[in-house]
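Using the hints, build the complex out of the two chains.
Which chain is which? The protein sequence lines are A and B, in order. Sequential numbering of the first sequence, starting at 73, is according to the working numbering. Sequential numbering of the second sequence, starting at 48, is according to the working numbering.
The reader is advised that the hints may include incorrect statements.
Said to hold, decoys possible - Listed next, the in silico BS3-like pairs over lysine-lysine satisfying Cα-Cα at most 27 Å (straight line):
id, chain 1, residue 1, chain 2, residue 2
1, B, Lys65, B, Lys76
2, A, Lys90, B, Lys333
3, A, Lys190, B, Lys450
4, B, Lys346, A, Lys190
5, A, Lys166, B, Lys333
6, A, Lys166, B, Lys346
7, A, Lys188, B, Lys447
8, A, Lys211, B, Lys447
9, B, Lys450, A, Lys166
10, B, Lys346, A, Lys159
11, B, Lys450, A, Lys188
12, A, Lys190, B, Lys447
13, B, Lys346, A, Lys188
14, A, Lys91, B, Lys333
15, B, Lys333, A, Lys134
16, B, Lys450, A, Lys211
17, B, Lys333, A, Lys159
18, A, Lys211, A, Lys188
19, B, Lys346, A, Lys149
20, A, Lys134, B, Lys346
Said to hold, decoys possible - Computed footprint of chain B on chain A; a stretch qualifies when at least three of its residues, placed anywhere within it, have a C-beta under 8 Å from a C-beta of chain B:
id, segment
21, 121-129
22, 158-164
23, 180-194
24, 222-234
Stated by the list, open to error - Ranges of calculated distance between the beta carbons of each label pair, as one might list FRET restraints:
id, chain 1, residue 1, chain 2, residue 2, range
25, A, Ser97, B, Arg261, 34 to 40 Å
26, B, Tyr443, A, Lys211, 28 to 34 Å
27, A, Lys94, B, Leu368, 50 to 56 Å
28, B, Ile435, A, Tyr86, 55 to 61 Å
Hints listed in this document are in silico derivations from the structure and should not be mistaken for laboratory results. Built from N, CA and C at the ideal position, the CB exists for glycine as well.
Each chain, written out:
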Amino acid sequence: MRDIKIQVNDLSLYYGEKKALKEISMQIPANKVTALIGPSGCGKSTFLRCINRMNDLIPSVKITGEMLVEGVDIYDKNVDVVNIRKKIGMVFQKSNPFPKSIYENVAYGPRINGLKDKTQLDEIVETSLRQAAIWDEFKDRLDDSALGLSGGQQQRLCIARTLAVSPDIILMDEPASALDPISTSKIEELVHQLKENYTIIIVTHNMQQAARTSDHTAFFYMGELIEMGKTNAIFTKPEKKQTEDYITGRFG
Amino acid sequence: MNSPLPKEPTFTKESLKKQFRLSEFLAEKVISSVAFLSIAIIFLIFIFVFKESLPLFSAAEKVQVQTETQTITGATVETYGSETSTESEPETYGEPAESLEPETYGTPTEELNPVAEESSEPETYGTVTEDLNPDSASEEVVAVDEKVTQNNEGEDRTWSTFFTTEWVPVSDNPRFGLIALLIGTLKVTLIAMLIAGPLAILAAVYTSCFASNRRKEIIKPIIEMLAAFPSVVIGFFAMMVLATFFQDIFGYDSRLNAFIGGVAMALAAIPIIYTISEDALSAVPKTYTEASLALGASKAQTAFSVILPAATPGIFAALLLGVGRVFGETMIALMATGNAALLSANPFESVRTFAATIGSEMAETVFGETHYSVLFFIGSLLFIFSFILNAVAEFYVKGKLIKKFQGK
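Here chain B stands alone, though its shape is the one from the complex (with noise of 0.2 Å):
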């Protein structure tokens, strides 16, 4: 025995008294406060923004002082032109970017417009030159700022405008409609979850499951790198290439719409939900592939009916860091979508999603007011929206389809 310790009767009361160790109390300390700060952090935020939307929520006491200020009636709404039905509207937003006279939108459609009967007088929006195509439209967005300050009236009609269809928040007469812009993001979310999902499980269940290894080396970095792209690059790319090109295949009116923006939003969420496929296909025990090829299965039957099911919960996962990913998207959406805040149902219409509305206005609008206030209000919809979608996939969707898939 020649340990270095020195020799001490080892079981008595004294030897195996509790101590405290300082570093080690330390080390755990601060990795469970880093963990709990990240935590915290995330709601700091939340409440960040939510606070700054509150102003809408109190209002009504604020509406009485200023209701003389101007007691305009919807007497004079101004369309924007966007909302107005499509068929009707022959132009193309994508022909007349580069010309900057300003142009009136929508008043030959005006009777069309299944939200406008308030309006008894259309009034075309001359000065301002709201360019509904992104190339333009930064140069022009400044002009509209002038009005903007007159426009605290209102707010106690914003909440009764939310589900409203217009999204018109610089004007007179302003309104906040989100179903569209909800819609919108939905409508864009949902196009580029169609085309992103597949093609990034089947690559991914390709690397994993049919590749030989030295294929599957030279794709995954690839592909990965895929998610290192810039999204303003990306964007640009959809805005110049895809957009054309696809015009050229479907011939729609709108060049830059939520297919368009959905397809380049697909190329930003291929390289998540792919790597976190493989991994969790790669993760799927070799054995289940022995198995099911000893039963005499083919390689697909192997890939499709053992693998992939057993990787259920890593491919969900996958599939619900791209929606995030898009849902929050906001360079791709300013540039690809057309950001016209239209409903409808054709995926070749332009939209407007959430994140692109707060990226191009907040920086326009005038600090505390409305507009403002709705912008924030919309930062915590997006917030509480991705809350929910997570919530509701993680506690009631994964266990249904594992059960599905996997029979616990």
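Here chain A stands alone, though its shape is the one from the complex (with noise of 0.2 Å):
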């Protein structure tokens, strides 16, 4: 794995007393997709939320160890977390875009950046939309409010919005579970074009989604990371037994 992205290096997270990620080390690649599988509560959204330290919105997270992103430990005392969130986007599991209009929800990003200038903005968001694939859909209502559309539409606007302020890293939470297979299709194929210019990380519990879309495969499981390898090799020829049990469909 040439061209590292994240290194991860025995970090393990506590809710208050409870361990819920135990010494994880792994080494993310740029400019692919790195699918996070296991079962539900096997801390892998948790391990998401780290990524852009989500989690420090929950008083009781305690973080140990480190994570390298281009070789700077986020966690360090000195590092802004704003300045990170800024390259590190998240699309939410459940599509959550602000009760304003199309076009607000994509300049949104841009505007807390300081971004007056109009000519700019607009280009922002046209650019941001065709990234998403959606701006032949919304170019006729982007003052609509965006809580009118639909739940895939939604997902899409999200990913736009994440978009606007030009991450390096966009973080994933199972982002089509809501969604109806062809609204997913089209997230697949919209996580497929955006990995030529970002790293993406993607938590699903979806094995063909997960087969499908990525690059790489970590399997996690009761806080651990089991076992991660190139995708091809984890559902084909997985070296842990309980990987392959998970995916085999024995338990999960």
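Here it is, written out as structure tokens:
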């Protein structure tokens, strides 16, 4: 694995007394899609939220170990969490557009970064929506409320909103779990296109989705990283018994 | 199948026949009648209040009978002095609070009074000591009553005086200028909302978006406790403490004025606005916060550009309730605003509000007399104003705000 984007060393996370992540060490390659799989409650979403420090919002969380993004430990005391999140965007399981217009949703990120120029904003909105492959659907109704869109459209709008701040890394927490197959396939297609420019980490419950979209797969179980490798390898000949059991549907 | 119900053929016309359930029927009727009753009561109150002011509208016939009794044509117009212009009024109302000897207000400033043109001979109202200071006013207003009975004249002119600026209800030539009262009420409301709105909303934003859970649990009940403060206590506090404190700072003349009244009413309105805004802000889904933070927004940016706009309807409702509270607040107005019906834009000038006028004069007026009717008319006005305010806010402003902040 050349070109390592994220290097994780012995990362542990505690919810109060409970150890939710146990000494995770892994390497996530740049400009690839990495899928995190595992049964519910195994810590994959928690791990994902560690990457852009969303767990900071929960007061009882304690984290030890290192999370090096391009060599910088993002849990270092001198690192500003706001700047991290600008570079590491996130798409959530449940689509969560703001109760604003479509345009304002996408323009929100650039705006809070201080961009006021209308033409530049227009440009960013258009490119982001194009990248998310929804420009043609939305271009005539940019002033409509985002809440009136369908679930799939909302989720792609959220992706566009994330792209608008031009992050390096995009985290996706089961982005298609609440969507119908057609919307899901659109999102997967989108993920495939986006990996040229972004490093994508995607949490999924759907084995086929992991197999279809990802280049690398990491299998989590009970807060531990059991196995990580090329998706092909994981799905065809996993090294660990647990991985094989999970993938073949014997548990989980 | 050991169901306790008797086994019957399930889908027959008999078993599926419509049944009459008495308890359910009664419960439904009781609930709906309670709901309608509350609406009906509101309207009944309004009708009652309005009915008492009806003599004003049918005054024309009565006047013909009464015109002989008095034909004073405004030759002797006394002024209470309160309507006079302010710059030339050197005395402060606050100082003589304790002195009960009769004072003559306004005589030296008669010429400066723009609305007193018809008065050729200013008359000092020597015997009646209508002190503008509420401390002593309550003791002295009683004296005014003697004059009241002869004042049935002038009902034909009641309407025309509504749109003047003088509120002189008890005199040989009573004038019921509502403009000064209206402006006074609006002035106090505006001042109170300008203070209470931002403070309460910012406090709500702090507790719902920034404060830790522990702090929130301490701060919220404390602010809400302020709502349980009797308004008479707030009024007392404003009268005794705030008035002196702000006079030391701003150095204005009248110790009790619109500003002090506004500050005191803000104290009454803050807990209402705060509680409802806080609930509205806390009800904004956490996913919005997460989405905003994940885009690299700071806490403050999230609070002010996502959470606050998302809570617009709730905050708007909170402000409306606050306005309603201030608009109808009587005791604080009575105690802290100075109760002088002055027409001026200066916030440090004494004012008299609608509610305080009713509160202070209703007990002193004669049943069925013009003054009495006018007070009830003011009551109806209060009702109508708050009704219009709410209607406009609900159907027009709210929609616009939501459109502006949420793009619907």
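Given coverage of the segment 222-234 of chain A by chain B, tested with a Cβ cutoff of 8 Å and a minimum of 3 residues: n = 3 at 8 Å, threshold three: holds.
For this session: Assess, step by step, whether the Cα of A/Lys190 is no farther than 27 Å from the Cα of B/Lys447, and give holds or violated.
Result: This hinted pair holds, its Cα atoms lying about 23 Å apart.
Practice task
Take the C-alpha atoms of B/Lys450 and A/Lys211, compute the straight-line distance between them, and say whether it is at most 27 Å.
Solution key: holds (20 Å)
**Request:** For the pair supplied as a hint, B/Lys450 and A/Lys188, confirm whether the alpha-carbon distance does not exceed 27 Å.
**Result:** holds (21 Å)
Query - Verdict for A/Ser97, B/Arg261 (Cβ pair) under range 34 to 40 Å - result: 36 Å Cβ-Cβ, so the 34 to 40 Å window holds.
**Message:** Against the 27 Å threshold, does the CA-CA distance of B/Lys346 and A/Lys149 hold or violate the hint?
**Reply:** Measuring from Cα to Cα gives roughly 18 Å; hence the hint holds.
Is B/Lys450 within 27 Å of A/Lys166, Cα to Cα? holds (24 Å)
Holds or violated: B/Lys333 with A/Lys134, Cα cutoff 27 Å? holds (21 Å)
Pairwise hint evaluation, B/Lys333 against A/Lys91, where the allowed Cα distance is 27 Å at most:
Given that 27 Å is the threshold and the Cα spacing comes to 25 Å, the pair holds.
### Proposed proximity, B/Lys76 with B/Lys65 (alpha carbon, max 27 Å)
Given that 27 Å is the threshold and the Cα spacing comes to 19 Å, the pair holds.
- Item | Coverage claim, chain B over the segment 180-194 of chain A, checked by counting residues with Cβ within 8 Å (three needed) | Coverage by chain B holds for the segment 180-194 of chain A (5 residues, Cβ < 8 Å).
**Prompt:** If you draw a straight line from the CA of A/Lys211 to the CA of B/Lys447, is it 27 Å or shorter?
**Reply:** holds (24 Å)
When held up to the earlier numbered hints, the structure conflicts with none and fits them all.
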